[in-house]
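A.B. asks: Throw the hints in and build the complete structure from the sequences for me.
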Amino acid sequence: MVDKSLELFDCGHRACGGCGPALAARLIMKGAGANTIVVASTGCMEVFSTPYPETAWKTPWIHSLFQNAAAVASGVEASLKKQGRDEKVVAICGDGATFDIGMLCISGAFERGHDITYICYDNEAYMNTGIQRSGATPYDASTTTSPAGRNSLGNSRPKKDLPRILAAHGAPYVATASVSYPNDLMQKVERAVNTPGPCYIQIHTPCSTGWGFEGSKTIEMGKLAIQTGLWVNFEMVDGEVVKAKKVVRKPVEEYLKVQKRFRHLFRPQPNTEEIAKIQAIADKNAERYGIDIKQKPQE
Amino acid sequence: MALNIGCAAKPGRARDNRTGSWRVFIPRFSREKCSKCGLCILICPEGCISEDEEGMPVPDYDYCKGCGVCADECPADAIEMELEEK
Amino acid sequence: MRKIMEGSHAVAEAVRLIRPGVISAYPITPQTHIVERLAEMVADGDLDADYITVESEFSALSACLGASAAGSRVYSATTSQGLAFMFEVLFNVAGMRQPVVMSIVNRALGAPLSIWNDHQDSVSCRDSGWFQLYAEDAQESMDLHFLAYRVAEDHDVLLPGFVCFDGFILSHTYEPVDMPTQEEIDAYLPPFVPVNVLDAKNPISMGMYATPDYYTEFRYDIDRAMDRAKDLLVTAGRELGESIGRDYSGLVEEYRLEDADTAFVAMGSLCGTVKDAIDEMRDSGIKAGLLKIRSYRPFPRAEIAKALSGVSRVAVLEKNVSLGSAMKGAVGPEVKDALWGSGIDVFSYVLGLGGRDVRKKDIAAINALSIAGKGDMFYGLREELI
Chain E
1 MVDKSLELFD
11 CGHRACGGCG
21 PALAARLIMK
31 GAGANTIVVA
41 STGCMEVFST
51 PYPETAWKTP
61 WIHSLFQNAA
71 AVASGVEASL
81 KKQGRDEKVV
91 AICGDGATFD
101 IGMLCISGAF
111 ERGHDITYIC
121 YDNEAYMNTG
131 IQRSGATPYD
141 ASTTTSPAGR
151 NSLGNSRPKK
161 DLPRILAAHG
171 APYVATASVS
181 YPNDLMQKVE
191 RAVNTPGPCY
201 IQIHTPCSTG
211 WGFEGSKTIE
221 MGKLAIQTGL
231 WVNFEMVDGE
241 VVKAKKVVRK
251 PVEEYLKVQK
261 RFRHLFRPQP
271 NTEEIAKIQA
281 IADKNAERYG
291 IDIKQKPQE
Chain X
1001 MALNIGCAAK
1011 PGRARDNRTG
1021 SWRVFIPRFS
1031 REKCSKCGLC
1041 ILICPEGCIS
1051 EDEEGMPVPD
1061 YDYCKGCGVC
1071 ADECPADAIE
1081 MELEEK
Chain Y
2001 MRKIMEGSHA
2011 VAEAVRLIRP
2021 GVISAYPITP
2031 QTHIVERLAE
2041 MVADGDLDAD
2051 YITVESEFSA
2061 LSACLGASAA
2071 GSRVYSATTS
2081 QGLAFMFEVL
2091 FNVAGMRQPV
2101 VMSIVNRALG
2111 APLSIWNDHQ
2121 DSVSCRDSGW
2131 FQLYAEDAQE
2141 SMDLHFLAYR
2151 VAEDHDVLLP
2161 GFVCFDGFIL
2171 SHTYEPVDMP
2181 TQEEIDAYLP
2191 PFVPVNVLDA
2201 KNPISMGMYA
2211 TPDYYTEFRY
2221 DIDRAMDRAK
2231 DLLVTAGREL
2241 GESIGRDYSG
2251 LVEEYRLEDA
2261 DTAFVAMGSL
2271 CGTVKDAIDE
2281 MRDSGIKAGL
2291 LKIRSYRPFP
2301 RAEIAKALSG
2311 VSRVAVLEKN
2321 VSLGSAMKGA
2331 VGPEVKDALW
2341 GSGIDVFSYV
2351 LGLGGRDVRK
2361 KDIAAINALS
2371 IAGKGDMFYG
2381 LREELI
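Residue numbers (this note's numbering), protein chains in the order written: chain E, 1 to 299; chain X, 1001 to 1086; chain Y, 2001 to 2386.
Keep in mind the hints are simulated off the structure, nothing from the lab. C-beta: ideal position from N, C-alpha, C; glycine also. Hints are supplied without guarantee of correctness; some may be wrong.
Covered stretches of chain Y (in silico footprint by chain X; criterion: 3 or more residues with CB under 8 Å from a CB of chain X, positions within the stretch not fixed) [unchecked claim]:
| no. | segment |
| --- | --- |
| 1 | 2093-2100 |
| 2 | 2198-2208 |
| 3 | 2215-2221 |
Just some of the chain Y residues that point at chain E, by a computed CB distance under 7 Å [said to hold, decoys possible]:
| no. | residue |
| --- | --- |
| 4 | V2022 |
| 5 | E2055 |
| 6 | L2369 |
| 7 | A2372 |
Dumping the calculated DSSO-like pairs for lysine-lysine here, alpha-carbon to alpha-carbon at most 30 Å [claimed, not checked]:
| no. | chain 1 | residue 1 | chain 2 | residue 2 |
| --- | --- | --- | --- | --- |
| 8 | X | K1010 | E | K58 |
| 9 | E | K243 | E | K296 |
| 10 | E | K4 | X | K1036 |
| 11 | E | K245 | E | K277 |
| 12 | E | K159 | E | K260 |
| 13 | E | K4 | Y | K2306 |
| 14 | X | K1010 | E | K81 |
| 15 | E | K250 | E | K159 |
| 16 | Y | K2336 | Y | K2374 |
| 17 | E | K246 | E | K260 |
| 18 | X | K1086 | E | K4 |
| 19 | Y | K2287 | Y | K2306 |
| 20 | E | K223 | X | K1033 |
| 21 | Y | K2360 | Y | K2275 |
| 22 | X | K1036 | E | K58 |
| 23 | E | K277 | E | K223 |
| 24 | Y | K2275 | E | K82 |
| 25 | X | K1010 | E | K245 |
| 26 | Y | K2230 | Y | K2336 |
| 27 | E | K159 | E | K58 |
| 28 | X | K1010 | E | K82 |
| 29 | Y | K2336 | Y | K2275 |
| 30 | Y | K2275 | Y | K2361 |
| 31 | E | K296 | E | K260 |
| 32 | E | K277 | E | K260 |
| 33 | E | K81 | E | K160 |
| 34 | E | K294 | E | K223 |
| 35 | E | K257 | E | K294 |
| 36 | E | K81 | Y | K2201 |
| 37 | E | K81 | E | K58 |
| 38 | Y | K2374 | Y | K2360 |
| 39 | E | K246 | X | K1036 |
| 40 | E | K58 | Y | K2201 |
C.D. replies: As structure tokens, then:
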């Protein structure tokens, strides 16, 4: 059972007000518990939580490089196994470290079957370096390296499907979660750390600075992503989707129009053609994961 | 103070950094309206809201950055953001 | 126990005696015979280690870092491109003060691709914060591993280290090797006791970032540890001699230097060839000698100045090239610096790159070049190709 009162991530960290990843750190640790060793990648969370000597982490924590957390975690796990120790090993890394630069190490660690949980806090761009696009940036999002312009509608590629890639490695448990559904998030982390073998959780962590919305709306933004079908919370066991959060879907505009990274799609007037393409992504998600709640026809 | 070898540190020192000084708007909690659901305690990105003996949320203004997530999400509308006079 | 053994297998036997808890390595020529033999030892139960068959050298060293931070003695081996791939992690391991020891089976760096020997790989990692020891033969390749772990894990040092030995020349040739007993090595090298360790009962954060208020002092701290490593290499090298009968207290080693006019300076297996060449030169009345550098980092400046104080000229034989530099070789400038103000000429000669053989007559020819005041050059270029 998750102990919600457990606080393993301390006050005084330097995240922006309303930071999705900071909330994710707290919730992840509640789910993982105190008997956990955290392996971090370079990124926002690492920087806002560990300027020497002011660490916010109350459990053992190690950071090496941007792209090697899965390999460092492999070594930690091997050492613990050799010593007969029972701590859980949890890597917590951003989407750039996970989707892009860390893929080699992650693929190796998952193929070798280390007993680790790898968690990606996905804020959908390189926020620490100033909001550059990553392989996790959604279609048409304007970032500092995929800016909307006269010849550009923002990021030209859809988000990489990393959960399925890691499920294909034979991961026994793969899940997506959102800071906007904290109980679900904590339970998934608890399940992952107690599942032997390499498990993966991808957590949607809205970033007010990078996406362009008020910090008070972080939870609301995560909910809208789910309610529009642009983010799906699901669980995969041994490669099969066993559960997905069902919603009464809203049109994608409701999510897009409240974020600066998509505002070029609405100026000077709504770009219906592009918005329809994003709606198609949501529709495909809905079909693939069966998330639509069928509403009763009106009498 | 001598350096710790390898740039390592024990927990505790993050609290030296009192992020409450960043705040522009301050959350005011109404004991009358509060339903003690505990959501604000769970979702605060700072983890700076605790619970008193009666189950009422108590913010630690030394660390509250005034982001307003708690006020935005409170199902009982028991938290209001006020411009803080300093 | 004396046995005829391939150099790589002698190193694997050393690793077995050292008892690492975690081994993490990725195969690359000419390092493969070490990691294959270690895998056999683990498979047969002769070595009780967790062997991580990583997907890259980058992960090999990263996993070593994690395992070391969790409290295990760790081992890895690589060469050339693999070492270059580890470059980013090298600085990290040193900065985090994890006493990882790694065998470097020296090989050239591409391009052009070359699997053959020179010292470009390890010399290019000069400033990474790892100490670097160079072995002359299979026996020394084995023994320096005992010394390296002893120095690396000492709480006054806590630095990672390379044990470098020449690819193919030493790794793939058979030589008689005297193997210490497990009891001797257990007594010389007690179990690893970490200072910073990941432990849920006593949590710490490792690998934090340093602001400009702290960064310089952390780098200074590593440099001071390197100074202490220099002292410890001497005392621990002497103790190794007391234990196994072969003394390694010298950061440098002299060969027929006492009345030499020309002193050669070299590292690694080349020293054997140079010694033979010196014997022949001496037979024909040429007074030459050798200063072998065993420890390239920490650099034994005072020891070099002392050993070479009486010679007329110094010829540094370099199996590396610092492209675009004045002396061409990377070691020469530091030897020159050690002798600054002495009036002794110091020249670098780049040779033996990418596996090109260095013969006794080459050493004699370099002696003649140095007498003529010609140096800081590539030696033995094939003029017809230029």
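A.B. asks: Hints first: check each against the structure and report whether it holds.
C.D. replies: Against the structure, the hints:
Under the rule that three or more residues need a Cβ within less than 8 Å of chain X, the assignment of the segment 2093-2100 of chain Y holds, with 4 such residues. By the rule of at least three residues with a Cβ nearer than 8 Å to a Cβ of chain X, the coverage given for the segment 2198-2208 of chain Y holds, with 6 such residues. Counting residues of the segment 2215-2221 of chain Y whose CB lies closer than 8 Å to any CB of chain X gives 3, so the stated coverage by that chain holds, three being the minimum. For Y/V2022, the shortest C-beta to C-beta distance to chain E is roughly 5 Å, which falls under 7 Å, so the interface hint holds.
A hinted interface residue such as Y/E2055 counts as satisfied when its beta carbon comes closer than 7 Å to some beta carbon of chain E; here the least separation is about 3 Å, so the hint holds. Against a cut-off of 7 Å between C-beta atoms, the interface hint on Y/L2369 is violated, since the closest Cβ of chain E lies about 45 Å away. Because the beta carbon of Y/A2372 sits about 50 Å from the nearest beta carbon in chain E, more than 7 Å, this interface hint is broken. Distance restraint check for X/K1010 and E/K58: the Cα-Cα separation of roughly 8 Å lies within the 30 Å cut-off, and the hinted pair is therefore satisfied.
Among the hinted pairs, E/K243 with E/K296 is consistent with the structure: their alpha-carbon atoms are about 22 Å apart, no more than 30 Å. With a C-alpha separation of about 15 Å, the suggested pair E/K4 and X/K1036 falls inside the 30 Å cut-off, and the hint holds. A hinted pair counts as satisfied when its Cα atoms are at most 30 Å apart, and E/K245 with E/K277 qualifies at roughly 23 Å. Restraint check: the Cα-Cα separation between E/K159 and E/K260 comes to about 18 Å, which is no more than 30 Å; the hinted pair holds.
Pair hint E/K4 plus Y/K2306 does not hold up; C-alpha atoms about 67 Å apart against a cutoff of 30 Å. Restraint check: the Cα-Cα separation between X/K1010 and E/K81 comes to about 24 Å, which is no more than 30 Å; the hinted pair holds. Restraint check for E/K250 and E/K159: satisfied, since their Cα atoms lie roughly 20 Å apart, inside the 30 Å limit. For the suggested pair Y/K2336 and Y/K2374, the alpha carbons sit about 15 Å apart, so the restraint of at most 30 Å is met.
For a cut-off of 30 Å, the pair hint linking E/K246 to E/K260 stands: about 27 Å separates their Cα positions. Only pairs whose Cα atoms come within 30 Å are accepted, and X/K1086 paired with E/K4 is rejected, the gap being roughly 34 Å. A distance of roughly 18 Å separates the Cα atoms of Y/K2287 and Y/K2306; the hinted pair therefore holds under the 30 Å criterion. Of the pairs offered as hints, the one joining E/K223 and X/K1033 holds, with about 24 Å between alpha carbons and a cut-off of 30 Å not exceeded.
A threshold of 30 Å between alpha carbons decides the hint, and for Y/K2360 with Y/K2275 the separation of about 9 Å falls inside it, so the pair holds. With a CA separation close to 27 Å, the supplied pair X/K1036 and E/K58 stays within the 30 Å bound. With a C-alpha separation of about 21 Å, the suggested pair E/K277 and E/K223 falls inside the 30 Å cut-off, and the hint holds. Restraint check for Y/K2275 and E/K82: the C-alpha separation of about 46 Å exceeds 30 Å, so the hint is violated.
A distance of roughly 40 Å separates the Cα atoms of X/K1010 and E/K245; the hinted pair therefore is violated under the 30 Å criterion. Straight-line distance between C-alpha atoms of Y/K2230 and Y/K2336 comes to about 20 Å, which keeps the hinted pair within the 30 Å bound. Distance hint between E/K159 and E/K58 is unfulfilled; the C-alpha atoms sit about 33 Å from each other, more than 30 Å. Restraint check for X/K1010 and E/K82: satisfied, since their Cα atoms lie roughly 25 Å apart, inside the 30 Å limit.
Taking the CA atoms of Y/K2336 and Y/K2275, the gap is near 22 Å; set against the 30 Å cutoff, the hint holds. For the hint linking Y/K2275 to Y/K2361, the alpha-carbon distance of about 12 Å falls within 30 Å, and the restraint holds. Taken as a hint, the E/K296 and E/K260 pair is broken in the structure, with Cα atoms around 35 Å apart against an allowance of 30 Å. Between the alpha carbons of E/K277 and E/K260 the distance comes to roughly 19 Å, so the proposed pair stays at or under 30 Å and holds.
Distance restraint check for E/K81 and E/K160: the Cα-Cα separation of roughly 33 Å exceeds the 30 Å cut-off, and the hinted pair is therefore not satisfied. Proximity of E/K294 to E/K223 is assessed by CA-CA distance (about 19 Å); at most 30 Å being required, the pair is judged to hold. Between E/K257 and E/K294 the alpha-carbon distance is near 26 Å, which keeps this suggested pair within the 30 Å criterion. For the hint pairing E/K81 with Y/K2201, the CA-to-CA distance comes to about 17 Å; that is within 30 Å, so the pair holds.
Restraint check: the Cα-Cα separation between E/K81 and E/K58 comes to about 23 Å, which is no more than 30 Å; the hinted pair holds. Restraint check: the Cα-Cα separation between Y/K2374 and Y/K2360 comes to about 19 Å, which is no more than 30 Å; the hinted pair holds. Proximity of E/K246 to X/K1036 is assessed by CA-CA distance (about 28 Å); at most 30 Å being required, the pair is judged to hold. For the suggested pair E/K58 and Y/K2201, the alpha carbons sit about 11 Å apart, so the restraint of at most 30 Å is met.
Checked against the numbered hints given earlier, the structure breaks hints 6, 7, 13, 18, 24, 25, 27, 31, 33 and satisfies all the rest.
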